[in-house]
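Colleague: Hey, can you work out the whole structure from these sequences and the hints?
Here is what each chain is made of, one letter per residue.
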Amino acid sequence: MKKSTQVALILLITSLIAFNLFGVQRFPRPEFENGYQQPETILNAPRALFFEYFDLAVLIGSLSLITWLILKKRSRKAVFWVMIFSLLYFGFYRKGCICPVGSLQNVTLALFNPEYSLPINGIAFFIIPLVFTLFFGRTFCAGVCPLGAIQDVFALRPVSLKSWVQSLLGLIPFIYLGLAVLFAATASDFIVCRYDPFVGFFRHNASFMMFAIGGILLFISVFIARPYCRFLCPYGVLLNLVSRFSKKHLTIAPSACISCRLCENSCPFGAIDKPTGAKFKQPSNVLVKKLILYCLIIPFLMAVCGWTASKYYESFAKVNFKVKLATEIMQSKNSESEVIPLEITAFRSSGNSEEVLFEEAKVILNRFYLGNWFLGGFIGLVFGLTLARLTIIPYKTDYTTNKGTCFSCARCVDYCPVKE
Amino acid sequence: MFKKFDLKNFGTDQLWNRIALVSGIFALLVCVLLIGNYIQVKKADPINMKVINSLVERLHKDPSDVKLREEIRTLDLLSRKAYFTSKWQIRTGGYFVLAAIALMVISLQIISYRKTIVPQLSPENDDNTMAYRNKTRVFIVTGGSLILATALIFAILATNELKEKFAVQEINEETPIENNSDLITQAADSLVLEIIDTTGTSNITIKHTVASAFTNNDSVNEKSAASSKDNFPTFRGPGGNGIAKQKNIPISWDGSTGDNIRWKTAIPLPGYNSPIIWGNKIFVTGANTAKREVYCINRNTGAMIWTVVVENIPNSPGQAPKVIAETGHAAPTAATDGIGVYAIFSNGDIIGLDMDGKKLWAENLGVPGNHYGHSSSLMIFKDLVIVQYDQKTSPKLMALSTKTGKTVWSTNRDVKISWASPVIVNTGKRTEIILAAEPFVASYNPADGKELWKIDCISGEVGPSVAYANGMVFSVNDYSKLAAIKIGADQPTVLWENTDYLSDIPSPVATDKYLILSTSYGLTVCYDAVTGEKYWEKEFGNNVYASPIIAEGKVYLMDKTGIMHIFKADKEYVSLGEPKLGEPSVCTPAFTNGFIYLRGDKNLYSIGK
Amino acid sequence: MKQKLIIGFSVILLLTVVYLIGSDLFTNSSKHDENPTEYKIDKLRQIDSSLICYKEINHFNSGMSKAKGLAIDENNTIYIAGNKQVLLFNSSGIKTGGFKMDTLAHCLAVDNDQIYLGAGNRILQYNIAGEQISSWPAFNPKSFITSIALNGNHIYAADAINRRVFKYNKNGNLVWEIGKKDTAKGFEGFVIPSPYFEVAFGAYNDMWAVNPGKHLVQNFSVEGEIQSSWGLTSFSIEGFSGCCNPSHIAILPNGEFVTYEKGLERIKIYDPTGKFRCVVAGPESFMRKEDLILKIAPCVVDLAVDNEGTIYVLDANNMVKVFVKK
Amino acid sequence: MDNKKLNRREFINKGVRIGIGVGIGVIGYELLSRTLSSKTVWQIDPAKCIQCGKCATSCVLEQSAVKCLHVYQMCGYCDLCSGYLRPETKELTTGAENQLCPTSAIERKYIDDPYFEYHINEELCIGCGKCVKGCGAFGNGSLQLQVQHELCVNCNQCAIARECPSEAFSRVPASSPYLLKGFGGK
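Protein sequence lines, in the order shown, are assigned to chains A, B, C and D.
Numbers given in our numbering equal positions in the first sequence, counted from 1, plus 1477.
Numbers given in our numbering equal positions in the second sequence, counted from 1, plus 7.
Numbers given in our numbering equal positions in the third sequence, counted from 1, plus 374.
Numbers given in our numbering equal positions in the fourth sequence, counted from 1, plus 97.
No lab work stands behind these hints, which were simulated from the structure alone.
No experiment lies behind these values; they were computed from the predicted model shown.
Keep in mind that a hint or two might mislead.
Unchecked claim - What follows is a list of derived Cβ distance ranges for each label pair: (1) A:Gln1515 with C:Thr477: 25 to 31 Å; (2) B:Gly364 with C:Ser397: 37 to 43 Å; (3) D:Lys206 with A:Asn1829: 39 to 45 Å.
Idealized CB from N, CA, C, for every residue including glycine.
Modeller: As structure tokens, this is what we get:
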């Protein structure tokens, strides 16, 4: 990789000032008699800010391009090549960081912790794909996201999943999202980044477990297309929700659908809704009854799930470094074991007060308690709404893409006999 | 499309298939090699480092060993080479795998690209939509409720106590601070301004932590109040007030069948003192005329951790004093503050041991002039051991330093001999030591021993300690009376009194609403704490020497035959169980969360699962 | 059928992934791996307790935030310099006086109620009431005075930056400087890698300077001629370890040397010939157990002895610890 | 009737869309109002670093981005360099048995009696911090562990930071990306 842009800085003036407090050179420079020149410590500057903006420009450019290719050109081939580009640029060149999927957590952390602020790039990477999705559907997923791209190239022998399997597995991302938000809001961990399965491939390095997870997912991708996007990705949840209300969206047929059924099995992601026709039309009184039923069930579900989750707040909180440390310190006091973990030794040696640590840990625990209530409530809500959605069958006469789950990959377009 | 070059005509499917196959196999092979390499590196690298290190150590002992030096150099070179080679291998291998997989994917993509799209019509009927949706619903409902049910079960079983534990730890934190300032004070008798400052700050911290721990006006010793979740530091619980904060205390067991008995450990020497608990350690004492011992027992296993024989104490009398059998030589319960454990015996020997049984200090307070035998238990306030020494001549209340055993203060009391233990409570405004002996119930400032108040309301040979709840002190003695004393105002007043049922050994216990009083002849009575109205009385039929303790709103009362009477502290007598220990017992129980510890005549029991 | 198998297999794999992630997140894998490259400094810091021949009898807080220098006068009054002030204590640690000034002094020496302070590149003279008597011009703008000693009518200042000991008379006039390499007289010059450079006077008005880069304590005549030197480079107890050691010395009335060695944090006694005698205090006196493993910053700031042979140690927490013979 | 229904759905869609748009806008505005002008990068605070060796093993990169930096201005050029030589070494030579560095990444060069220059070969340095501890405890502390920004990929959550027992990692502004410790600094 070229580092031509890297600038070698000489030791910063500020640090020189630090050594020269009181106008004294504190470190007696040896008296060299042979004219030896002291070398300077070379400090390489980080990637220049310009390139961060360049990344942003690439993101906007590729998003615009792919949106245009999907909605106007309706070309799967072109989408494929943009996808390859993104895979190479955001994936292998930029090593998978920064990505909108992870930026979700930075945004959460910033929203919950006023003292944390994130650079403009972090905000932009979170918001721009959402805005594009709001207007044009999930074109970001189609070919800009490197995580989607790496799976998509492996989608070689896709089989279609039964819709109930898909619905069931489709609940996982919601839980993952809830957890990611909880851990980010409590400033505990960025779990989406920690368990990003493909970033290891982009960096040619990861722990064995992460390689294994990534490898398994890529292997699954051959048969179940894009498993991470469909059944894990927490950012996908947001895009899914937003996309349902998008202004424009990829359609299978450029004009009216002729219901030829040719596209029925074209979607590897099971995102084509079949026409339901008049026979599933439910009388409105039945619908109202169901609606009332769910209005009662959902709050109950939320309460039960919330209470259940709230009982686990301690196990969740132990993900947080401070809580973990406080717990370990407490255990070490009660146990007679001689082996003291390094963390405790480091903490004690740092001279910080345990009292303060315990106080902080307690605050974090309280946050987790509340957070777990919300998490449980959220999961209950998702379950309830999923059930409700399944009872109500929308009236449909055409083959259409499911605006929520469709990745706008434009595969189905090639199957449609309507070309104009 | 492409005119000159078209993938559709480039190579045959068969060719691409073969390429894909070969590159796939290659990638797999390299992958396996890489994993092997990875495991090897993980294992091998640190070992070499260790070998070299040990060789170098050998060389340091014999610097002239040229051969050894050469060996180290070769080994070092080899291991470093191996390290960097394997790193290189992994890197290169990684690129090979990447390239091979890329090639495989490209060829497979080309094959699929060249396949003409054959739209398939799904054979399934449209009607399935509805069925699928129903199926989905069923699966979500069953799957979801299964998960929820398991989660719920575990949620109910889950104990969340970290928060409280942290609070406990915070309180315990104050001890080192005190130590520190103490050391400073001792070091420089008259103080530099700055030092006073330091002491001042630590005082403020202590006050602060105590205040935060007392949000609900708990009526127990400050320091132990917070630690009560885990520990049971003194007789009748923290502060000696008969209230335990522990939860999930078992209500059924059987000593003869071993049912719900976690362990049982024989205590070598007899003693009527009760177990006390700190962390994983239980302490009891035992003594006969010849020998006095302190025992430390592992709370989880019942194994004896250490035994300390209390001997060679300066001024200790050669002969044990005469005591009656019902008191014995080790009646007072020991006390612990997590730093040390402190025990007193019938001959006036008092000892401070650290948690590992190392002697911190020991002395003899003078053989107590007591015709039954000294029985008042020790209490702890901050870094003081509180000793009630109401003996025949010069009765007094003393506070010894937990660190040195030196008397910090001593207050003479104009009373007759008494066998009651001090009770240390926080009355909201301050912490007081409350004691009962003929002729009065009196309160002392634990910091300096100054008398805070006293009220004449008791007489005779006082055995029961007082009980405190919600601004009320309850004192009782046989052939005297039961008095409910309202404190808080400048002068305490007797709110109500009663002479129907009087106790001479078991101490009463009180909550905000109820006063539970047991008599040594086995009758238990419950009064309204404020009005003195009697709610119920119950005859157990056996003598009772142990004091009742309230935990989770349940009263635990051990009778002399070893039957534990568990009933609700409520308006009605509701028995919750009468489990048998299978061994006579006169000792008050001790608790930790989920467990109860009982001392019988011979054995110490841990009950609970 | 085959398709169903593939789906089933893939779904199970997917759930395995979910399980793996979940279990990794929630199982508290507190793996405390051994560090193969650990530098086991705590082992080096171990001291045979039978070698310890002094005991701590007292300690007191200087009440200063950046205490730097410690000195004791002939009446056993303790002077502590630092944080733009000088404080006086009696031998039991009770503050008896002090004054503020406007510079941070790093070292000081006291004689006849006159206080000489080394503050950067200047020597300042104060009387006990806190009045500045004189301020001598800097010999060199880059100088950094790390130690001052008084003898008779002369003041000796050790300058770590210039690697010189300067001898002044009481009017501030330079008498001589030593430190120049003089191979003819067998003097190699001072090697001073960091600002630890001490000068002290023994009971017989013998002048001693530390050559910390060489682990030597060297004796000079009042004319500045090198007389003798002693010192051994070793991690074992008899020697000096690391670089810039001994970083502080003081000389007892009986001519024995008290040395402080940073890094291993040990204070030791050497007899007048430079033979190791015993240990005053090991690292345990200044460090908690955790610090023994991790702490690498020096714990002792300065040391001094009174005319009864009591050793006073100023530590990095601004505490003075007092040691006497067992 | 279908048309009406369609229109209604369109209307609802539009309403929700505007709602989401406003929501995104509000979040964006809120965050932009306190955004950082510069980006931030990970760095080690040498004052907190305890040289536990996790930097060598926990980085997501195969060669850790944490390297030992040599601040020459602080170096004493000692012959007996406690960052270069093993403790208790008797001979001050470059022999493998005397070298502290497990990968021999420190190069020693004679300058002038008795001074030696020490140079870190970053290709070989694995960032274990052994020399840093040796130099810090016995010497001037001129060897310090720092994240080398030309190597660091600036992960959203630094893997070493998560493992760091002394919480020495933090994000610092990219404009001053190194945290070097002066003498006696805390």
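Colleague: Now tell me if each hint is right for this structure.
Modeller: Quick rundown of the hints versus the structure:
no.	hint	result
1	A:Gln1515 with C:Thr477: 25 to 31 Å	holds (30 Å)
2	B:Gly364 with C:Ser397: 37 to 43 Å	holds (42 Å)
3	D:Lys206 with A:Asn1829: 39 to 45 Å	holds (41 Å)
Comparing the model with each numbered hint stated earlier shows that all of them hold.
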